[in-house]
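Both chains are sitting in their own frames, so use the hints and assemble them into the complex.
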Amino acid sequence: MAQSPVRQDRRRILWPVLLLSGFGWGLLVLGGAGLAVPSLCAGSVIWQSPDAQAFDFALTIQSPGQLALAWAVMLMAMMAPLLIAPLCHVRAQVLARNRFWAGMAFVAGYGLVWMLAGVVLVLQALWLRLGAAEAAHWAVAAVALLLALVWQAAPWRQKAQNRAHRLLPIAGFAPRAFGEAFRFGLRHGGWCVLTCAPLMLVTLVVPDGHLAVMLAVSLWLWAERQERPAPPTWRFAWPRSVARRARHVLTMQKPAGLRV
Amino acid sequence: MTRIRKNVHTLGDDWADDILWYARAVKAMQARDYADPTSWRFYAAIHGIWEPYWEHHGVIDANTPRPSQADTALYIDQCQHGSWYFLPWHRGYLLALEKILCAEVVAQGGPADWALPYWNYFGTGQNGLPAAFASPDWPDGTGDNPLFVAARFGPPGGPGGVFVPLSGVNLDAMTEGQFTGTATGGSTGFGGVETEFETGGEDKGALEQQPHDMVHYYVGGSDPNSPNPAQPWPGFMGTTIAAALDPIFYLHHANIDRLWSAWLTEAGHVNPPEAGWNDGPTGQGQRHFAMPNPDKTEWRYTPGEMVSDQQLGYVYDDLTPGAAPAPAPARVAAAARMARLAGDAATGEEALVMAQAKGSELVGASDGGHAVSEGATRARVRLDPAARTRVQGSLDAATRRAGPPDRVFLRLENVTGATEAGAFHVYLGVPEGDAPQDHPDLQVGSVALFGLTRASDPDAQHAGAGLSFTIEISAAVDRLHLDNGLDLEDLAVDVVPDHPIHPGAKVQIGRISIYRQEH
Chain P
230 MAQSPVRQDR RRILWPVLLL SGFGWGLLVL GGAGLAVPSL CAGSVIWQSP
280 DAQAFDFALT IQSPGQLALA WAVMLMAMMA PLLIAPLCHV RAQVLARNRF
330 WAGMAFVAGY GLVWMLAGVV LVLQALWLRL GAAEAAHWAV AAVALLLALV
380 WQAAPWRQKA QNRAHRLLPI AGFAPRAFGE AFRFGLRHGG WCVLTCAPLM
430 LVTLVVPDGH LAVMLAVSLW LWAERQERPA PPTWRFAWPR SVARRARHVL
480 TMQKPAGLRV
Chain E
2 MTRIRKNVHT LGDDWADDIL WYARAVKAMQ ARDYADPTSW RFYAAIHGIW
52 EPYWEHHGVI DANTPRPSQA DTALYIDQCQ HGSWYFLPWH RGYLLALEKI
102 LCAEVVAQGG PADWALPYWN YFGTGQNGLP AAFASPDWPD GTGDNPLFVA
152 ARFGPPGGPG GVFVPLSGVN LDAMTEGQFT GTATGGSTGF GGVETEFETG
202 GEDKGALEQQ PHDMVHYYVG GSDPNSPNPA QPWPGFMGTT IAAALDPIFY
252 LHHANIDRLW SAWLTEAGHV NPPEAGWNDG PTGQGQRHFA MPNPDKTEWR
302 YTPGEMVSDQ QLGYVYDDLT PGAAPAPAPA RVAAAARMAR LAGDAATGEE
352 ALVMAQAKGS ELVGASDGGH AVSEGATRAR VRLDPAARTR VQGSLDAATR
402 RAGPPDRVFL RLENVTGATE AGAFHVYLGV PEGDAPQDHP DLQVGSVALF
452 GLTRASDPDA QHAGAGLSFT IEISAAVDRL HLDNGLDLED LAVDVVPDHP
502 IHPGAKVQIG RISIYRQEH
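Chains as they are written, first to last, in the numbering used here: chain P, 230 to 489; chain E, 2 to 520.
Hints in this document: simulated from the structure, not taken from any laboratory.
Predicted, not measured: the structure shown is a model, and the values here were computed from it.
The C-beta atom is built at its ideal place from N, Cα and C for all residues, glycine as well.
Incorrect hints may have been included.
Unchecked claim - Chain E regions said to be covered by chain P (calculated; three or more residues, Cβ under 8 angstroms):
1. 176 to 186
2. 274 to 281
3. 457 to 467
Claimed, not checked - In silico contact screen, one side only, chain P against chain E (beta carbon under 8 angstroms); selected entries:
4. Val235
5. Arg236
6. Ser278
7. Gln282
8. Leu397
9. Pro398
10. Arg457
11. Pro460
12. Ser470
13. Arg474
14. His477
Claimed, not checked - Some chain E residues flagged as far from chain P (calculated, every beta-carbon gap over 12 angstroms):
15. Ile5
16. Ala71
17. Ala135
18. Asp145
19. Pro160
20. Asn171
21. Pro322
22. Arg379
23. Ala403
24. Asp479
Isolated chain E, as found in the complex (with noise of 0.2 angstroms):
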């Protein structure tokens, strides 16, 4: 039998049997102990868990029985970010959930096929929370409706509402060619770089950073009623040890798989060959990936049988990114680079080889941190001239299709702070005075803080490193060499706050700098 998860917003009904059930399938399970490995609280606690913050929401207290040590070892704060196994591992995550959302709606006397929804927010008008989502009640008025979700706070700053502003999140990963990416500056690859068993990675795929991340942001918001208002804490969705809490992350998290397995239909899409990637962090002897099964016996799962929804006995009914048309895979998206950079009016499919791409190198930096705040912060990169005269040589190249061009990326580099309420939008080349934001056009892209509160912790995985975020930058870098502007001593990047951070929140950028990957 398989299962057919559908878009959300095209059931035909606000309270469509599919929603219904879901809905009824949680309240079962939030009303199971917490201790209970098949509880809903047990299950967003093996995504993560911050006690105070738990406490903080009601959500536990210091009389409700915790999960046994067994238990806790097994399975609890396992959630795979800033990693190569963050797909797969939350492919595990959503199936694990779903065989037991599928029980009890069998219990209950529903379909055996029940699938979890999509929320496809690139849909058109689709961008908005589900209905039953943004209702305290059920369909016939009754309160207690188990899908609202009051820390859900939506955009700061926003009109009200929960929803995913469009300006703030895009499909760009679909184009990234390769799996996995790098961690020194070069592209991140779709999936992530190679960690070991990872709970905060510092550096994130591609699409993980973007439209993950940004969601998440979108959605949780910012709490109103922090225990300090000059760190806000996140909604649920907007932070890593709550996200799971709420019932609306398993239909975000579907649409990402659903993005991956988008993204395998295209030719040159593959998954890593690496045994380090298939095998997991297990072939290494690290903790397993596991979660209970609705008899509440352990699943243990590798990557690399998680490679395909069709064997895991689920499809999704349509694989189409985001509204039509979906956005040029890899090998068209860099065929239609070379021909943008030769002048040629038609781009068209091109049989174009994705070449592999080779080291990365430093071509500029910004001389030293910045704070980000109330207000954008501006930096200028300074551009070293042997560098950047290799990337304009790699274009010049290009313009006569001798060869692939560079690609260009922007690293926001440790980035530190106390709140994971917060994101940037980043624009390159903003004239001298202008405000970033009169120049959308120049939009190189938005990154979300979701993990940095853990990530700048001294005594966390990474000692405080913080996160570093990649964007891609070689269409505009594109633009500048064909209207002769690359060669500048410096170039300006202008980090914007979504929303003001309170300056008591200390968020800090360690470094900009820009690199060149060689292909």
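Bound-form chain P, shown alone (with noise of 0.2 angstroms):
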């Protein structure tokens, strides 16, 4: 089948960008429900704001160098498909020489920003889970995704999804390539999780199937993707495009004759 240019420079990202994501699932699938916050009785019948002690408890169970990795693979699994894009800029703005190692630096960047973002949203998603009792968990992780829900319908939210759709020129040469690529990534990452880090929080807090939830997660991120910018205002953003792709995919609409 023909393929323009822009499709076959987005294919060359494509193949990579997705054996990686799969690579990551594989690693959460065998590694049982990837990043499971610990879940630990509190005293109360609802909620009781965890102290010292109760983290420090958590965290014999899986230690910050476990939690990190098990984020870092979330991450990778998650994340991957929705750099495609910015990694087909990155790989035309520089010297055919330096494409992987600006790839790297864009990735370094995007990574950085959200590793800080994890360890901001770890200790959020252990806070909640340690105040809350058994019986509360699945309330908290309720009370989470209703503010993820009013998150997607906020201009502000709206603003910084259209940031992260701009591509910016990035130096031709290294080591400006590499700097700029680098900045591109922590750029690009800030938007996202200003973007999406209320549904990453969901997939933190729900005390079971957590990998399901995940998986739904990222379908609705990759799908929110395809949508363009759009005007900053209150309303709820869906993927729209995505829908209408499927809807007509699935009724096998063929387009309508001339009609003249």
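Set out below in structure tokens:
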């Protein structure tokens, strides 16, 4: 089947990215539920703010290193498919011999921002899980989901998502090319964190079905990535483009004939 | 019945019948309510609209009834730019308008085979605005000529009047061999790069960039009564959100459509085979291309249905792109380039199989961005020795007729700014200290900022990435190579605004780069 040059450029990035993501999912499945925030009973009926002792105990069950590794694997699995467009851009902007390392610099910047965000998100998830009674864990997850949905409709979130779509020039020559690719990764990661962090928190606080929730959030984030920037306003942003495409495929609608 | 679209300058009279009927039909459409899908304003809004601009010019006001929500969602703000859909969408747009105009012509007792004229600004002595559009009066001296538009200012800083300066336009796009191009540094193709439903893509195809955009700029000009003089608004034709309010828009686009038909007559020039183009964005579940019929019903179409003007019921009286002789088609241009590099005296036509473009590669880039305002901006584009050597290698092979030479392109990337009333002329290799305008032989291209303000909006479709322009510089590079002058560490690029741009418009070029495209 004929493919346009734009599509050919995307395919060069697509397969390595999908392999990386698939590898991440494989590790998550084999590792068992990926990043599982320790579930410990709080003494209260509903909620009691956990003390430092509770955190220390939780971190003996899963060390900070284990949590960081699990978070990194989660990112690899969930976020890699969202990076096709920026990686294509980096690849096109730099000299041919620097493409791989410029791409790695971008990924390093992006990953750094998300790892730092992970510290905040994991601590937050721990605080929520340690403080809630076991009977309230699903309620905690529901509240987190509700807040994520409110954020989904907020104009500031739309602004952040718009900025995440922006592809700016990168210096062609090393070492500036690597530095600017890294900074592009930091910037892109920052806007992504602002856009996606509430949903990522949901994946951390669900008491069960962790993998399934991660997969659902991954698909949602990927579908959202297909949306174009839009005016920031209060409106629930959902992936209309993918929904329309899916409906078109499922109904196998053919284009209307010429009726002149 | 086949309509024949004719050259407006060769109809025999300033107010020949075809023009008179056009004016009468336009007047009837202009009298209809904006909310009426067969009205002039509605059809203009199909192309694009921004209400503050329309209100500034009194086209609508706060009390003007707007089109229904359903009609707005279906029809309004649909024009395809910076996209491989640019040509087929505009063909359908013109066809639909022509149907409505013709229905009105017939209703007023005119001929059923009336067709839109075209404006071939490349024809000898034909770059001036057709006279019927320049006068506020009908031929009998009465005012209110619907073809006249006050917001049509002509070339900024020009001698007055509306015309297309031939120094700023060319038919280089006709030598492009492939319809579809790339957005990563090589040719953007005759017709543009693959996109989804796209009203303002970052990269434009060769024909859209030149002459399409340049004519929009020259005719629209710059409004001296702009609300903010530092960020002037263009006349109607100079902006995507009002261009179709000007009746000359349709004659300009008829010429662009004619150039597409002319390009297809050459062997090897074909429309895209990809289903993604033929089925249009509809094939991916996106918004339809839709136009109102004369009876206000909906007409949907796809690019695949727009491939042949004859099948659509019209032809052009003359497919010569400009004044004779026509520019060489791609395969002949490529053969001529090989002959030039090989030092052959005669070129002639060769059965040269058009080599498919392979990947593109960065050869050089400027250091950082460049502001463009009142005078020339000079940038030094640093060249990578290894990539430059690959270019030289391909040119050496071509001199021995051992292989096709690389094509080389200059890109002005991520151009942003707060005005569309601007254009640049780009020069390559001007000696240090010389004025670029003193070296017209070193001018490699011109680009217009048509669509810039929307493209620069961080909350619009491309998140403020602006526009990127691609200019082929293969001929200039060949000359340097043949003069043994290509062993350079950098190349001087001068960007000269056609008319001074106020610094308050903050027009910036993100990066200037040079790419090679292997074949």
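Here's how the hints hold up against the structure:
With 6 residues having a beta carbon nearer than 8 angstroms to a beta carbon of chain P, the segment 176 to 186 of chain E meets the requirement of three or more and the stated coverage holds. Using a Cβ-Cβ cut-off of 8 angstroms, 7 residues of the segment 274 to 281 of chain E lie near chain P, which meets the minimum of three, so the contact claim holds. By the rule of at least three residues with a Cβ nearer than 8 angstroms to a Cβ of chain P, the coverage given for the segment 457 to 467 of chain E holds, with 8 such residues. Hint on Val235(P) holds. Least Cβ distance to chain E is approximately 4 angstroms, under the 8 angstroms limit.
Taken as an interface hint, Arg236(P) checks out: its beta carbon lies about 6 angstroms from the nearest beta carbon of chain E, inside 8 angstroms. With a least beta-carbon distance of about 40 angstroms to chain E, the hint placing Ser278(P) at the interface is violated under the 8 angstroms criterion. With a cut of 8 angstroms, the hint placing Gln282(P) at the interface with chain E is violated, because the nearest CB-to-CB distance is about 47 angstroms. Because the closest C-beta pair between Leu397(P) and chain E is about 6 angstroms apart, less than 8 angstroms, the hint holds.
Residue-level restraint check for Pro398(P) holds (minimum Cβ-Cβ distance to chain E is 4 angstroms; threshold 8 angstroms). The beta carbon of Arg457(P) comes within 5 angstroms of a beta carbon in chain E, closer than 8 angstroms, and the hint placing it at the interface holds. Below 8 angstroms, beta-carbon pairs count as interface contacts, and Pro460(P) has one with chain E at about 5 angstroms; its hint therefore holds. Given the 8 angstroms rule on beta carbons, the hint for Ser470(P) holds: about 7 angstroms separates it from the nearest Cβ of chain E.
A hinted interface residue such as Arg474(P) counts as satisfied when its beta carbon comes closer than 8 angstroms to some beta carbon of chain E; here the least separation is about 4 angstroms, so the hint holds. A distance limit of 8 angstroms between C-beta atoms decides the matter here; for His477(P) the minimum to chain E is near 3 angstroms, and the interface restraint holds. With a minimum CB-CB distance of about 17 angstroms to chain P, Ile5(E) clears the 12 angstroms threshold, and the non-interface call stands. The claim that Ala71(E) is not at the interface with chain P holds, since no C-beta of that chain comes within 12 angstroms of its own (minimum 17 angstroms).
Interface exclusion of Ala135(E) from chain P stands, the closest Cβ pair being 33 angstroms apart, more than 12 angstroms. Once the 12 angstroms rule is applied to beta carbons, Asp145(E) is consistent with being away from chain P; the minimum gap is 33 angstroms. Every CB of chain P lies more than 12 angstroms from the CB of Pro160(E), the least distance being 38 angstroms, so the non-interface label holds. With a cut of 12 angstroms on Cβ distances, Asn171(E) stays outside the contact zone with chain P, its closest approach being about 24 angstroms.
A cut-off of 12 angstroms between C-beta atoms confirms that Pro322(E) is not in contact with chain P; the least separation is 25 angstroms. The claim that Arg379(E) is not at the interface with chain P holds, since no C-beta of that chain comes within 12 angstroms of its own (minimum 18 angstroms). With a least CB separation of 23 angstroms from chain P, Ala403(E) remains clear of the 12 angstroms interface cut-off, as annotated. With 12 angstroms as the threshold on Cβ separation, the claim that Asp479(E) sits away from chain P holds: the shortest Cβ distance comes to roughly 22 angstroms.
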